[in-house]
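Engineer: Listed below are the residues making up each chain.
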Amino acid sequence: MSEILSIKQLTKTYPNFTLNKINLDIPNGTVVGLIGENGAGKTTLIKSILNITKFDSGSISIFGNDLVLYEKIIKNDIGVVLDDAFFADTLKIKDIIKIVKHLYKNWNQIKFDNYLTQFNLPKDQVIKTFSKGMKKKLEIAVALSHDPKLLILDEPTSGLDPIARNEILEILRAFIQDEQHAILISSHITTDLEHIADYISFINNGNLIFTKTQDELLGDYGIIKCNEIEFKQLAKNEYIAYRKNTYNIEILTNVRPLISKKYPRLLIERPTIEDIMMFYIKGDK
Amino acid sequence: MIGLIIKDVLNLNSNKRIFISLLIMFIFLGFFDQQGASLLSIYLPILCLMLAISTFSYDEYSKWDRYVLALPLDRKSIVVARYLFSMSLLVLSYILIIVLKLTRILLNKSNIDLYTILFEPLITIFIIVIFLAIILPIIYKFGAEKGRMIMILVSVIIGSGGFIVNSLIDDPNKIIDITSGSMLFLQTYGFYILAIVSVIFFFVSYRLSLMFYAHKEL
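Here the protein sequences line up with chains A and B, keeping their order. For the record, in the first sequence the residue sitting at position 71 is 71 according to this note's numbering, with numbers rising by one throughout. In this note's numbering, each residue carries its 1-based index in the second sequence increased by 285.
Careful, some of the hints might be misleading.
Below, simulated DSBU-like cross-link-like pairs (lysine-lysine); rule was C-alpha separation at most 35 Å, straight line [stated by the list, open to error]:
| hint | chain 1 | residue 1 | chain 2 | residue 2 |
| --- | --- | --- | --- | --- |
| 1 | A | Lys54 | B | Lys361 |
| 2 | B | Lys361 | A | Lys132 |
| 3 | A | Lys94 | B | Lys426 |
| 4 | A | Lys105 | A | Lys72 |
| 5 | B | Lys501 | A | Lys128 |
| 6 | B | Lys348 | A | Lys21 |
| 7 | A | Lys54 | B | Lys501 |
Treat the hints as calculated values from the structure; they're not laboratory data.
Take the sequences, apply the hints, and build the full model.
Structural biologist: Pasting the structure below:
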């Protein structure tokens with residue numbers, strides 16, 4: 001399996017924030033979900049991948065080519081949905097067509113028209129009058145209609161109702177049917193990613209904590225619920241973080257099979273991605 | 286690049302009512318006011334300046350300035366498109382001024398004076414080019430909002446500079462003597478100097494904008 005996107009040791013420093021030596025690979029045919037709290041570095045990472053922000057060191061290669069050297073060629077095969085950034089909302093879809101067909105070399109008008117019909121989007125209405133869901137669907141339609149191989153989506157489902165969110169996930173599922181495609185999607189709605197992502201990459205405070213498949217996450221991670229005495233029996237390297245409640249202690253472990261074998265009496269629950277994220281960010285170490 | 290210019294045209298088009306009413310007002314003034322014809326050659330280029338700058342505000346407001354960097358374009362063509370668009374606006378305004386002046390002459394059956402028709406409007410246009418040349422790199426460096434503030438400041442400085450020079454000319458002590466050799470030189474060659482200065486400003490401005498935009502982070 002070859003990589004569509006490969007990031008090596010990517011570093012970007014701001015006065016009070018550093019995206020620190022990020023390594024991330026996105027293989028063909030996969031969806032990578034980027035999670036992390038606001039300000040953790042998700043958008044900075046995405047902006048670096050698109051060369052909107054110039055990174056300080058490291059390298060990014062997309063479709064096997066260096067991003068900085070082949071930026072223009074590479075971007076012809078990338079579809080983007082950026083959080084909030086789009087055409088002026090005083091334009092109509094028919095205006096956007098006039099513009100965008102000159103911007104992408106392989107703009108596919110038939111495909112775009114199909115999306116408009118599928119999403120029920122009117123060509124003659126200014127975008128300002130669209131609902132948030134309609135606007136997002138339009139952004140995705142524009143991102144998909146030049147036959148991209150890689151989709152990069154920054155918070156595409158934020159602020160949408162569950163129905164619109166599901167519709168968008170459906171579109172993405174259809175896109176990923178092609179084995180030559182890949183998606184990088186950031187979201188703080190972790191349940192959306194549970195539905196679609198093959199890999200989850202967790203970024204916290206500018207550091208990439210892990211990139212794991214959902215199976216690995218669900219197999220390796222567990223939440224132990226126990227009392228103080230049981231907690232004290234655990235070795236430091238057997239858990240990641242813990243949270244003391246009034247009546248018990250919850251502990252996040254990433255060596256669940258080992259714990260079940262070593263302490264068969266302990267109660268271990270399956271965590272959600274959100275649980276894992278919460279423990280890393282808020283839990284005591 | 287053509288897509289970017291179309292985008293600017295369509296963005297302005299969505300607010301066409303304001304611009305068209307301003308245009309009609311200027312044309313109306315141009316026809317019915319004695320000084321109107323000259324005013325027209327001042328106001329139209331100023332309107333173009335406003336339009337050119339407002340395209341930046343549109344981009345900033347919709348965060349298009351970030352979106353555009355994700356598209357398959359190099360940063361140079363984004364800057365070139367903006368300069369081309371601004372210049373096209375000025376060329377259009379020049380053509381419009383000439384057409385209006387000619388129409389006025391034909392309607393009044395007055396004499397055709399090629400100098401006032403062809404060269405007089407160019408004076409304002411060159412000044413606007415210099416103005417744009419100053420403001421565009423500033424916008425690329427600091428963004429449209431701060432750029433607008435700086436533009437107001439520059440206008441005030443140029444305006445008050447003009448006022449001071451004007452009052453010095455009118456001064457009975459003849460601090461600036463318009464019959465002096467240097468003033469005569471300016472009267473003869475001023476137009477050409479202005480033309481050359483505006484071209485130089487334009488190219489320096491373009492290089493500066495390219496430099497600022499190449500390092501811009503959005």
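Engineer: Take the hints in turn and mark each one as holding or not.
Structural biologist: Going through the hints against the structure:
1. For a cut-off of 35 Å, the pair hint linking Lys54 of chain A to Lys361 of chain B stands: about 16 Å separates their Cα positions.
2. Pair hint Lys361 of chain B plus Lys132 of chain A holds up; C-alpha atoms about 33 Å apart against a cutoff of 35 Å.
3. Between Lys94 of chain A and Lys426 of chain B the alpha-carbon distance is near 32 Å, which keeps this suggested pair within the 35 Å criterion.
4. Proximity of Lys105 of chain A to Lys72 of chain A is assessed by CA-CA distance (about 10 Å); at most 35 Å being required, the pair is judged to hold.
5. Taking the CA atoms of Lys501 of chain B and Lys128 of chain A, the gap is near 28 Å; set against the 35 Å cutoff, the hint holds.
6. Restraint check: the Cα-Cα separation between Lys348 of chain B and Lys21 of chain A comes to about 28 Å, which is no more than 35 Å; the hinted pair holds.
7. Among the hinted pairs, Lys54 of chain A with Lys501 of chain B is consistent with the structure: their alpha-carbon atoms are about 9 Å apart, no more than 35 Å.
The structure agrees with every numbered hint stated previously.
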